[in-house]
Amino acid sequence: EPEVTQTPSHQVTQMGQEVILRCVPISNHLYFYWYRQILGQKVEFLVSFYNNEISEKSEIFDDQFSVERPDGSNFTLKIRSTKLEDSAMYFCASMGDTSTYEQYFGPGTRLTVT
Amino acid sequence: AQSVTQLGSHVSVSEGALVLLRCNYSSSVPPYLFWYVQYPNQGLQLLLKYTTGATLVKGINGFEAEFKKSETSFHLTKPSAHMSDAAEYFCAVTQMNTGGFKTIFGAGTRLFVKA
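Chains C and G, in that order, are what the protein sequence lines are.
Each residue of the first sequence is one higher than the one before, counting from 1 in our numbering.
Each residue of the second sequence is one higher than the one before, counting from 1 in our numbering.
In isolation and in its complexed conformation, chain G is listed as follows:
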């Protein structure tokens, strides 16, 4: 069965510091991996995704993530945090089953950015 684990429900960084949000997954077949961002009282916005090909993927707002199969990880990074990055971030895995596609989300990590 698929599962997604996000280490740290809350992460706090200073403005300009590195952002690292951790995500580990389990999947019985090659996964499709996603990071979404959710701002207060809004829906989910796709930051980036990994399906096939290059394992380092770049997304919007300067974020990137690296798929590491050996570590079953898909950590999200940004070199320099901005105040506007404060939000909830969800890692997700989508798997094709016989019944169709199913996406499982992690519990989320709330990012705080201090001035």
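With the rest of the complex left out, here is chain C:
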């Protein structure tokens, strides 16, 4: 069964450094998402991406964040200058079409900012 994959599974970085989290969505899917989950808290929407542009973003997704689909396969989330409060689990999701509204989630990348 096709699945969403994410790399790395765990990333440790120092405050102020740039990080790129990578996701490979399911191959024929058209809609892509990033969510984050701070330890012990709920899953929060960050951004949705369709047709090579951001379709919606939350208040969390400020200028420090960016997304890209560089090669038609990967979907990346970049944090330019990480802060301690960026430490969280980041989930990528993809959706095939709007007939099901069903998002498939990756296993997540745990980002630890020290």
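The set of hints was computed from the structure by calculation and includes no laboratory data.
Keep in mind that this is a model prediction, so the values were computed, not measured.
A few of these clues could be false.
If we take Cβ atoms under 7 Å as the criterion, some of the chain G residues that face chain C in the derived model are [said to hold, decoys possible]: (1) Thr5; (2) Tyr39; (3) Gly43; (4) Leu44; (5) Lys102; (6) Gly108; (7) Thr109; (8) Phe112.
Glycine included, every Cβ here is placed at the ideal spot set by N, Cα and C.
Chain C is fixed; fit chain G onto it per the hints.
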């Protein structure tokens, strides 16, 4: 604006007992409703969803949920709990806005199953 409220951050049941996890939502347009399960150190797995049609939906692992528009609820139930059901459960609502789709999650309910 959309919101999702899950009543009870922790629910504890005995094995074999009924599981009831509550979810209420607010949405300005007809919502698409989902329940996800998260096992420790894993991602989110879809349990079931409501988009249109029959308001009682069945999902995996014996779970079901009923969409009640008048009560703006989408409670999750399972007749008989199993030890393997112990996990975190998230209710979510997806809404189509002019900018695209946005999914909002509830705070989650951790289910404990006692032997």
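Each hint tested on the structure:
Using the Cβ-Cβ criterion of 7 Å, the hint placing Thr5/G at the interface with chain C is not satisfied: the shortest such distance is roughly 11 Å. Annotation: Tyr39/G was flagged as interfacial toward chain C, and the flag is violated, the nearest CB pair being 11 Å apart, outside 7 Å. Below 7 Å, beta-carbon pairs count as interface contacts, and Gly43/G has one with chain C at about 4 Å; its hint therefore holds. Here the hint on Leu44/G is kept, as its CB sits about 4 Å from the closest CB of chain C, short of 7 Å.
Taking 7 Å as the C-beta cut-off, the interface hint given for Lys102/G holds, the closest approach to chain C being about 5 Å. The interface hint given for Gly108/G holds, since its Cβ lies 5 Å from the closest Cβ of chain C, which is under the 7 Å cut-off. Because the beta carbon of Thr109/G sits about 11 Å from the nearest beta carbon in chain C, more than 7 Å, this interface hint is broken. About 16 Å separates the beta-carbon of Phe112/G from the nearest beta-carbon of chain C, more than 7 Å, and the hint is not met.
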